[in-house]
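Let the hints inform the model, and build the full structure from the sequences given.
As you go down the protein sequences, you meet chains A and B in turn.
FYI, the numbering for the first sequence is 0 to 232, going by numbering that gives the first Met the number 0.
FYI, the numbering for the second sequence is 0 to 271, going by numbering that gives the first Met the number 0.
One or more hints might be untrue.
[Unchecked claim] Pairs of lysine-lysine residues, derived as DSS-like cross-links and limited to a Cα-Cα distance of at most 25 Å, are as follows: (1) A/Lys7 - B/Lys120; (2) B/Lys194 - A/Lys98; (3) B/Lys141 - A/Lys98; (4) A/Lys7 - B/Lys238.
Hint data in this document are derived by calculation from the structure and do not stem from the laboratory.
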Amino acid sequence: MAGAINRKLTREGTILFDLNVVARYFPFLIRGVGITIQFTFISFLIAIVLGLLIALGRVSNNKIIRVPCQIYIDFIRGTPLLAQIYLVHFGLPQIFHYKPVGYIDALIALTLNSSAYMAEIYRGGIESIEKGQMEAARSLGMTYGHAMRYVILPQAIRRVIPPMGNEFITLLKESSLVSVIGMEDLMMRSKMMAGQSFRPFEAYFTTALIYLVLTFTFTRLLGYLEGRLKTGG
Amino acid sequence: MKKRFAILCCVLVLCLTFAAGCTKEPEPVTTNGEEAPTEPVAKLVAIGECTFAPFEYVDPDTGELTGFDVDLIYAIAEASNFEVEYKNMDWNSLIAALQTGEADLIVSGMTITDERAMEVKFSDPYFESGQAWCVQEDSPIKTLDDLAGKTVAVQINTTADYAAQDLDAKFKEEDKPGLNIKRLEQAADVFNELKVGGVDAVISDLPVIQEYLKNNPDSDIIVPEPAFTVEYYGIAMRKQDKDIHELVNKGLAKIKASGKYDEIYEKYFGTR
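Rendered as structure tokens:
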């Protein structure tokens, strides 16, 4: 008769949520926040530029420019970030025979990923501006580039600021994946805490709270920024 | 044409979904295919992190979980007349899975340490192991002390990780540059990291390094020195499950006495 052996799950005498563990490891966790923020900011700033370039390529009338941009966006959006991180860190060095640096690889993977999403955000903004404006600008004798630069983009960029804020928050959270290639960010320290203290709930809960504080703070900051940019005209 | 392609894609995805759902689940193995003499006294779940060849790994040909630890726990189960099912799980989740009741036994090349013994009950030691380090053949690192200031890959929260932390502390005490430790999730990841050149060396359990070298003869990786720690693997169980402790320890003693243990040992490591 299966199950005759008594399996006990009681954890008598163990504390439900051990604040001492949290207190002991909190400074250790906090030291990972810097790396997390570094990854988020650097890749976000590069993605702001790279995303715009890809978006411009994506809306271009030239097939040779448009198609590669389309393929790039489809590939990045259609594959998991985790797979992309492994691909950049373990895959590329195997083919091109160079010595990988984890920090750079993590940045590359996050930037490439975010750029694709950012490109789609820009495209949404550009396409939300009525076609008539481009036509009007062209009929005034402006080149496509000038019309884009002086008429379409200034309006589009104001519209894409809220979704960009979302992308920033997403990036902040997804940067936790770089811990799989050994980056000592907040998530990695959380795993180390869970393993060393044998208190996974305390470790991951505290980490989740730290992420929440970060995203909450940045959401408010971005909201403030949005308001400022809106009144600008 | 485009439409047809889209429909074809949809059909393909649907087929794959169903095909995956229809594959036959392998029957849980009981006692090496033989009929158990009497009703098993319990049905237990054992877990391990299966990138740790030769102790537990996925057989590349059959896709099944296999290895020294897997054979060992099935043999112990047979000797003590209980049923066991072996499952793959993240290294970091093993002890939590034991404590939440998702599993009853951790058989995962887990070294008996004082810290872990505060959380779980270990069986009698079943394997003597130790930490060793390996490098690329042309590496300037010739001895353990040469690792000062270099980067090593280890699996997170393993005794390799702890050994690396001890080394780091030792180097710093001697006023030498410390050890940069790169922690990765899976046992197999550390070797990939060394192969692509992301780290200067790897610290891992010696039998696992040797197995990697055996499976990758063209890897140009060498083990310059013998193991620098001595450790014993144990099967981890919940502290309060006294009945299970007895089943496992008695089973282990039985298979050691009957020669079954030596048989499994030879299968994975050759003659002793």
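Against the structure, the hints:
1. Of the supplied pair hints, the one linking A/Lys7 and B/Lys120 holds, its CA atoms being roughly 13 Å apart against a limit of 25 Å.
2. Pair hint B/Lys194 plus A/Lys98 holds up; C-alpha atoms about 10 Å apart against a cutoff of 25 Å.
3. Note on B/Lys141 and A/Lys98: the hinted pairing holds, with a Cα-Cα distance of about 21 Å set against a maximum of 25 Å.
4. Between the alpha carbons of A/Lys7 and B/Lys238 the distance comes to roughly 9 Å, so the proposed pair stays at or under 25 Å and holds.
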